[in-house]
Amino acid sequence: MSRIEVLKTYKMYIGGKFPRTESGIHYPQLDSKGNPIANMCKASRKDFRNTVVEARKAQEPWANRTAYNRSQILYRIAEMLEGRKAQFIEELMQMGTTKKQAENEVFTSIDRLIYYAGWADKYQQISSSVNPVSGAFFNFSMHEPTGVVAVIAPEENGLIGLVSTIAPIIVSGNSCIVLASESKALCSISFAEVINSSDVPGGVINILTGNALELIPHFSTHMDVNSLLYCGNNKKAIQLMKENSVTNLKRIVVKKDIDWMKDENESPYFITKFTEVKTTWHPIEKIGASGSGY
Amino acid sequence: MESKKLSIINHPLSITKVDQVGISDRVSRITKRSVKNEAKIYGLKMALSMIDLTTLEGADTVNKVKQLCYKGMHLHDSYGDLPTVAAICVYPNFVGLAKEQLKGSGINVASVATAFPSGNSSLEVKITDTKMAIDAGADEVDMVISRGKFHQGEYNYVFDEIAKIKEVCGKHARLKTILETGELGSLDNVRKASDIAMYAGSDFIKTSTGKISPAATLPVTLVMLEAIKDYYYETGIQIGMKPAGGISNAKLALQYLMLVKETLGDKWLTNEWFRFGASSLANDVLMQLEKQRTGNYQSKDYFSKD
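Residue numbers (our numbering), protein chains in the order written: chain A, 6 to 299; chain B, 3 to 308.
What the hints contain is simulated information worked out from the structure, not anything from laboratory work. Please note that a few of the clues may not be correct.
Straight-line C-alpha distance at most 20 Å; calculated DMTMM-like pairs for lysine to aspartate or glutamate [stated by the list, open to error]:
id	chain 1	residue 1	chain 2	residue 2
1	B	Lys302	A	Glu65
2	B	Lys253	A	Glu59
3	B	Lys253	A	Asp229
4	B	Lys34	A	Glu27
5	B	Lys307	A	Glu65
6	B	Lys302	A	Asp229
7	B	Lys253	A	Glu65
8	B	Lys293	A	Glu248
9	B	Lys302	A	Glu59
One-sided and incomplete, this derived list gives chain A residues near chain B with beta-carbon spacing under 7 Å [to be verified]:
id	residue
10	Arg54
11	Thr226
12	Met228
13	Asp229
14	Ser250
15	Thr252
Every residue, glycine too, gets a C-beta built ideally from N, C-alpha and C.
With the sequences and hints as input, model every part of the structure.
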């Protein structure tokens with residue numbers, strides 16, 4: 006008699022811990038031939054609610070860290086991922102990519118983390134401005150993190166989609182709740198293990214697995230979620246999110262038909278999508294012969 | 003007063019041993035339950051009406067107390083049809099102010115007294131402290147017991163002190179006795195202190211000052227509720243219960259209400275006989291009520307802080 010394989014049941018990543026779903030519902034993760042290779046949690050409304058509480062708690066302390074420290078931590082994720090690249094390549098292949106594609110995806114993911122790590126202490130300098138105003142004021146605008154950002158990660162990619170959405174969101178000091186690709190969820194929880202061993206404070210990155218259409222109504226109505234990133238092209242879902250977002254004027258960002266493997270899809274503008282501009286008017290006095298006012 | 007006839011030391015109740023396993027088993031059954039929809043809304047509104055909205059900080063200011071009084075009267079006006087809190091709980095020097103602010107609202111003013119929170123002072127000072135609160139118009143006095151004396155075995159001292167303060171309160175104010183269960187060490191001691199406090203004439207027994215951790219917990223509350231039940235059977239006198247400190251979410255508040263209902267019954271389910279001492283519970287309850295009404299999970303950003 007052949008041996009019955011013991012399939013791992015992956016848990017979710019919430020507030021720096023790995024709990025099972027509150028609902029107790031799981032779904033099978035299939036390989037490219039349709040054979041089950043693991044069990045994934047199907048996140049419920051309550052899982053999401055609990056996650057928002059964790060993300061909210063973690064957000065302010067994370068934003069209060071120095072940009073330099075956030076940069077180090079992002080770099081650390083890249084280092085840890087590099088150390089475990091073989092596992093990720095194998096997992097991607099299990100889910101149906103070729104070896105070459107898988108390697109490419111893992112390497113691009115590592116590089117992308119380093120790319121955004123570099124931006125941590127630079128994006129503000131590039132995006133902020135001193136504004137000319139008529140009056141005795143020093144007027145400047147700068148970017149601050151939006152708060153708690155919920156993400157529906159791209160369905161097509163297991164790893165690069167996750168990295169490309171998480172990194173630009175957390176680099177400015179947001180915390181995030183990511184719903185991983187449903188059909189390619191295997192990498193997402195392995196990636197959570199990487200995050201968990203990379204000095205990222207618990208709650209800054211939270212990863213759920215489950216069905217996007219089921220969770221979108223809850224993602225978009227929750228009053229304590231400040232922004233929502235949707236990667237996909239379901240028109241009905243997009244409309245629903247936009248309608249629901251009016252309850253607390255959530256920022257909705259939609260990314261349609263994006264090839265996340267391409268370099269053009271990493272950009273500091275992606276960081277500022279999840280920031281708010283704060284403008285300060287500071288009274289000044291004219292000093293010096295040149296009339297300089299600072 | 004009955005307390006003179008009964009000597010606590012010889013009373014059989016004073017040696018009651020608490021069944022710890024039984025208590026934790028009972029509590030764990032309560033915490034596994036789930037209350038939904040209409041029952042939940044009913045329970046949440048009831049919890050709101052039982053709150054002693056509290057500020058007991060060294061940094062309390064006149065405006066902080068004013069703001070708290072306003073909050074007590076207007077919990078969340080956009081909801082409509084909400085009860086007010088039961089009382090505002092402050093230090094004695096703010097009683098007059100709170101009384102004035104709350105005029106006509108039906109909300110009581112409770113004042114901590116007797117060298118709160120440590121209780122380490124002479125009886126004279128404690129009496130003066132209590133008088134000060136009552137003269138300023140306090141409807142309720144929250145006193146602390148002398149935990150040091152309790153641990154030294156001087157139960158008579160603790161008993162007499164409570165009886166004395168009760169005498170000062172007289173008919174002017176109801177007396178809540180804080181046992182500070184976090185400092186008592188064991189559930190047996192909680193039971194013993196509850197019995198002392200009740201036989202000495204307290205109108206309410208209260209778990210904690212909120213200044214040390216652990217403050218109120220479900221097991222400690224259950225022990226005290228059982229003590230109240232036994233005392234009621236013994237004497238026919240109804241005693242109130244007030245868990246205080248650390249009760250900051252609605253779910254926990256509902257669990258307390260379940261404990262009360264199933265240990266003492268409906269007779270205790272009014273703010274005359276049951277209170278929550280809390281500063282942040284009200285907002286969580288309000289958020290849950292709004293969740294029930296709108297269907298959306300709420301954010302702290304949309305509720306007044308104090």
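### Task
Hint by hint, work out which the structure violates, then give me just those numbers in ascending order.
7 and 14
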